[in-house]
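> Here the protein sequences line up with chains A and B, keeping their order. Using the UniProt record's numbering, count along the first sequence one by one with no gaps and you end on 520. Using the UniProt record's numbering, count along the second sequence one by one with no gaps and you end on 541.
Don't take each hint at face value.
Claimed, not checked - Below are the EDC-like pairs computed for lysine to aspartate or glutamate, each with C-alpha atoms no more than 16 angstroms apart in a straight line:
1) A/K282 <-> A/E316
2) B/K424 <-> A/E316
3) B/K277 <-> A/E117
Claimed, not checked - Facing chain A, according to a computed beta carbon distance under 7 angstroms, are these residues of chain B, among others:
4) M246
5) S251
6) R372
7) R377
8) Y391
9) G392
10) L414
11) L432
12) S436
13) N439
These are calculated hints, taken from the structure and not from any lab test. Where a beta carbon is used, it is the ideal one built from N, C-alpha and C, also for glycine.
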Amino acid sequence: MALTLLRGMRTPVSLRSNTGLFFNVLRPRLSHFTTRAESAQATEPKAVPKSIQLATKEAAEQKTQGFEAIIGIETHVQLSTVTKAFCSCPYDYGSQPNSTICPTCMGHPGTLPVLNEKVVECAVKLGLALNCEISMTSKFDRKQYFYPDLPKGYQISQFDIPIAKKGYVDLDLPVEFGGGHRKFGITRVHMEEDAGKLLHSESGSYSQVDLNRAGVPLLEIVSEPDMRTGIEAAEYGAELQRIVRYLGVSNGNMQEGSLRCDVNVSVRPVGQSEFGTKVEIKNMNSFSEINRAIDYEISRQIMLHKEGQADQIVQETRLWDESSQKTFTMRKKEGLADYRYFPEPDLPEVVLTTDYIDEISKSMPELPEASVAHFFDSTLEHGADAKLACNWIMSDIAAYLKNEKLSIHETKLTPLELSELIASIKNGTISGKIGKEILFELIAKGGTVKGVIEEKDLVQIADPAAIEAMVDKVIADNPKQLEQYRAGKTKLQGFFAGQVMKTSKGKANPVLLNKSLERS
Amino acid sequence: MPPPLQAHRLLISHRRLPTPARRRFTAVSSLQSAPATTLAPGPATSSILSIRESLLSGERTAADITSEYLSRLRRTEPSVRSFIHVADAAAEREAEELDRRIASGEKDAVGPLAGVLVGVKDNLCTKNMPSTGGSRILDGYRPAYDATAVRRLREAGAIVVGKTNLDEFGMGSTTEGSAFQVTTNPWDDSRVPGGSSGGSASAVSARQCVVSLGSDTGGSVRQPASFCGVVGLKPTYGRVSRFGLMAYASSLDVVGCFGSSVFDTATILSVVAGHDKMDSTSSSQDVPDYTSKLVSLDLLESKPLNGLRIGIIQETLGEGVDTGVVSSIKGAASHLEQLGSVVDEVSLPSFSLGLPAYYILASSEASSNLSRYDGIRYGRQVSANDLNEIYGESRASGLGHEVKMRILMGTYALSAGYYDAYYKRAQQVRTLVKESFKNALEKYDILISPAAPSAAYKIGEKINDPLAMYAGDIMTVNVNLAGLPALVVPCGFVEGGPVGLPVGLQMIGSPFSEGSLLRVGHIFEQTLQNFSFVPPLLAER
Chain A
1 MALTLLRGMR TPVSLRSNTG LFFNVLRPRL SHFTTRAESA QATEPKAVPK SIQLATKEAA
61 EQKTQGFEAI IGIETHVQLS TVTKAFCSCP YDYGSQPNST ICPTCMGHPG TLPVLNEKVV
121 ECAVKLGLAL NCEISMTSKF DRKQYFYPDL PKGYQISQFD IPIAKKGYVD LDLPVEFGGG
181 HRKFGITRVH MEEDAGKLLH SESGSYSQVD LNRAGVPLLE IVSEPDMRTG IEAAEYGAEL
241 QRIVRYLGVS NGNMQEGSLR CDVNVSVRPV GQSEFGTKVE IKNMNSFSEI NRAIDYEISR
301 QIMLHKEGQA DQIVQETRLW DESSQKTFTM RKKEGLADYR YFPEPDLPEV VLTTDYIDEI
361 SKSMPELPEA SVAHFFDSTL EHGADAKLAC NWIMSDIAAY LKNEKLSIHE TKLTPLELSE
421 LIASIKNGTI SGKIGKEILF ELIAKGGTVK GVIEEKDLVQ IADPAAIEAM VDKVIADNPK
481 QLEQYRAGKT KLQGFFAGQV MKTSKGKANP VLLNKSLERS
Chain B
1 MPPPLQAHRL LISHRRLPTP ARRRFTAVSS LQSAPATTLA PGPATSSILS IRESLLSGER
61 TAADITSEYL SRLRRTEPSV RSFIHVADAA AEREAEELDR RIASGEKDAV GPLAGVLVGV
121 KDNLCTKNMP STGGSRILDG YRPAYDATAV RRLREAGAIV VGKTNLDEFG MGSTTEGSAF
181 QVTTNPWDDS RVPGGSSGGS ASAVSARQCV VSLGSDTGGS VRQPASFCGV VGLKPTYGRV
241 SRFGLMAYAS SLDVVGCFGS SVFDTATILS VVAGHDKMDS TSSSQDVPDY TSKLVSLDLL
301 ESKPLNGLRI GIIQETLGEG VDTGVVSSIK GAASHLEQLG SVVDEVSLPS FSLGLPAYYI
361 LASSEASSNL SRYDGIRYGR QVSANDLNEI YGESRASGLG HEVKMRILMG TYALSAGYYD
421 AYYKRAQQVR TLVKESFKNA LEKYDILISP AAPSAAYKIG EKINDPLAMY AGDIMTVNVN
481 LAGLPALVVP CGFVEGGPVG LPVGLQMIGS PFSEGSLLRV GHIFEQTLQN FSFVPPLLAE
541 R
C-alpha cells in the first residue's frame, strides 16, 4: 500500500474548480475488488452456449422445473436537469474531473442544500407515467455512511415517505420470447442525489475522487418482485428507459450510467410461499446483459438447490462479468446495513398541490402504444437523437396516425429513414421545414430520405455565394422596398427574406440568408 | 437600514437629560449595588450610533475608531483571549479605505455599520480568513465564501476584526472546549465567559469590538451574554440565514447577535436578518427596522410598559438555581412591574423534559452534520494505510473529547432499534415543549426567566462533570426546541469576582416578535439605574 497521500486541493477549492484535479485518497482495501475467486464457481453449468439468449432461455425452461425465480429491480435514473439537485452546478457526462463542483456539492462546512424544483417535476412526471399515487407531502431524509465519493457523509434521499408509490407498468413481451401481456408493480419512486466517482490508480496504491457527479439528481424506482425470468426483467428495464426518454426526464443511457439497474434474484421450490435468499446483481450495461445475468443466476441458484447446497446461496452482491458470462461475488452482506436514516433538517417538506400535479399531468406527452414504442426504440438504435425522435414521433407522426386512423406499421415510414431524416436536419443538409415535407412523403409513399431529397432537389442551399447572388437579385428587383428599408423601415428585412425563400423554393439556409441580408 | 439621524441624537443625549426625567424609574433597592468603576453608572448607550455620528460629522475617522478598539484589544487580549484569529491589519486597511471614501465625498460611503468593528464566531465562514469552528480538524481551513450573515454585515460597512473563540463546533457551555485556547471572563479572569459563543461575548464585554455574531443551538448566545454582562439575542429559528454557519444541530442552530446595548443588538439584527435563497429554512417574513421602535428615555411615558403581560416561568426559579440569580430576576420582574407591566408566575409543565430531549436531538443531528469532517477533501488528514484508518485517525486526532462524545451519543440514538426510543421520543417531547410555550404565549406577551442557573463559574469547575455542565443549559434549550426568539439583557449582579458577576434576564417571545422583545429590553435597559455593565478590566489602567 502507498506511503504518501496525495491530495489535489486543500484550500479554497471552488476558486480553482476548473483545474481538473482529483482528490486523492488511499485505495481502500475493498474486498469486492479482490474476492472474485472465492465465489462458488465449481457448480457452474458446463456450457455457456454461443447463442446465449436462446440457450439461456432453454436452460431456464429446463432447469426451472420445480422451481420459480423471484426478481425485483431497483433502477436509478439520472435526471437530465440543467443543474444538480441541491446546488447550481451543471453536470456534463465526461467533463474534466472536478470541474463542475462548488462548496455545496463538495460538502464544505456551512453549506446547505437548496432543492432544484425541476427534480420534483421530473419525479411527479415519472410517478404519473408509472401510474403511482403521488404523495402530496413528502420529505427528504439522510442516509448515512462513510465513503470518499460521498462528500457530506450522508446521501440526501427519501426514506419512509417517497414522492410516488404503488404504481405499475404494463408491457407486451416480444413475440420471439413467447409474447404475452405483463403488468409489473412499482413499489415506489423516490428522489435522491448521486455520489461522485472513485478512480483507482493502475498501481493500486491510491485512489482519486471525482466529485462532478456528486449531487446529480436521481430517481430510484423500486419494482415489486413481480418478474420471473430474465427477459421479463430486461423488458421491464427497457420499458422504463422508453418512459424516461419520452418524458424527457433522462437520456436513459446505460453506458453513461444514466440508467442503472440493480437486480434482486431468488429462487424457491414451486408451491413454497416464502421467498428464498435473495442475491443482488450489479454491473449490467445493457438489457440483454440483464437478461443473461438473471438467467445465469437463476440456473446457478437452482443448481445449488438441486444439489442440496441451498445454504450456499447467501445474501450478497454479485457482479455480472460480460466476458465470462457469469456472476461473481462482489461482497457478502454482513447483517443489515444501518444507514441511520433521519429527516433532513436542512430541507422543508415537499408539499404539492393538486393544481401543480394537474398542470404537470397536462403537459406530459401521451405515452406511446407498444407499437409506437418499439418504433421509437429502433429509431434510436439507428443512432437518432432521443429527444428529436420523440418530438417527431409524438407530434407530426402521431398527428398523422390519428388523422388517418392508421397504426405506425401501416405507414411506409421505417425507423431507419426517420433516423436518417433527423440526422439530415441536424447536419444541415435540409431545413426543418423541408424535413416535414419529406416526412409526409415517406409516410405516404415510402422510399428513402436521400431518394426524396434528390428526386425533388431539396438539398438546402448552404453556399454563401449562391445565397448572396439570390439576395442581390431580389434587392435589384425591388428598388422601391430597398429605398424604404434604407429610410429606416427595417421590418422589410423579412420581406426580402421571403422573396429569397420564394426564389429558392424554401431551400436557402435561413441563418446564412439573414446574415447575407444584414450585410447587404 | 439606518434610522433617521434625528433619532440618533436623542439616544446619544441620554446622559445629558435632567435627573428628574429619569428619577421616575428607580432601581430595586435590595439589589447589590453596581461595582465601583471609573465609568459612571447609567443606561447603556449605542456605540454604533456614536461611531456613525462621529464619522458623519468628521469628528473622528474610521482609522481613529479602529485604532481605539485595536489598542484595547491588544491590551486586554493577553488575559481575555477572545480571539482565535485577529485580522488587525485587514481591519486597519478597511478603515483607511473607508476614510478615503468619506473624504472623497463618496455617497453611501457611510453604510449603516460603517466603521463598526465586529467579531465573528469562528464557526461562521469568512472568506479567505481562517474558520476553524474551534476544531483541530479544520486547522488552517479558509473557506471560499462568506456566511450570509457575515456578507450582510460587510455590505453594511462593518469591518470584521477577527474570529472569536468557541467550544468546538458550538458544543459546550464554557468555551473551554475550544481546541486552541481558553477564554476568560472579563469580569474575573479565573472564570469562564460561558459558551459556546464565549469569545463573542467576552470580546464585546471587554469592548474589543463593537458588536459580534454568535450562534445559539441550546443557549450559546444567551448564557455567555449573561455571564459577561452584555446583550445577547437569539432570533427566531429561520430569521437569520444559517448559510455559512458550520452546522451543529441544523433544526436548532440560529445565528445570534451580541452588543453592549440593546440598540446595537437591534441594529445588527436588522442587517443580518432576512430570507436567503441559499438557506431553505430561512424565513421570508419581512424584516422590520428593529431600531425604529426604540424610543429614547426622555420620550418615554411614565408607564411605558402599560398593558404588557409578562409571565415569569415558575420552573426556572426553583431548586438548583443560585439564590443571587433568583433575587436578581425577581428584582428585574418588579422593575418591569414599575414600568407598567403585569407580571404573573406561569408554569410550563414540560420544562424539565426539554433538557434530555435537546441532548438527544442535538447529538443526533451533530453525528450526521460532522460526518463531512472526514479528512478527504479539506482539513486535517492523517496519512494512513487504508481508508478506514484515514477516517479513523483523522477524526480521532482532529476532533475533541466532547465532540466525540456527542457524535457517539447521536449515532447511538439514531441506530436501528434505538431510533424510536430516543430520537422519535425526543421529537415528541419537542412537540410538547412547543405546545406548552404556545399556550403560555397566548396568555402572556413575554415570558421571563434567568438565562442561566448561576453566574459565571470557575474555569475547570465543570470540565470533568459534563452532566453538571449540561444541566446549566436548562434555562435556554427549551427556547431552541420551540424555535422562539429570546433576548438576554444584563439585569444585576451577584457576589463573586473582584466586583461582582453580572446576571442576565432572559425574555422569550412568540415567533418573529424580536421587535417587541427589543423594545421591552431597551426600555428595561434604559430605565435600569445604578448599574454599569462595563467590566473592571477596562478601568484597570
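> Does each hint fit the structure? Answer for all of them.
Consistency of the hints with the structure:
| no. | hint | in the structure |
| --- | --- | --- |
| 1 | A/K282 <-> A/E316 | holds (11 angstroms) |
| 2 | B/K424 <-> A/E316 | violated (31 angstroms) |
| 3 | B/K277 <-> A/E117 | holds (13 angstroms) |
| 4 | M246 | holds (4 angstroms) |
| 5 | S251 | holds (4 angstroms) |
| 6 | R372 | holds (4 angstroms) |
| 7 | R377 | holds (6 angstroms) |
| 8 | Y391 | holds (6 angstroms) |
| 9 | G392 | violated (10 angstroms) |
| 10 | L414 | holds (4 angstroms) |
| 11 | L432 | violated (18 angstroms) |
| 12 | S436 | violated (22 angstroms) |
| 13 | N439 | violated (25 angstroms) |
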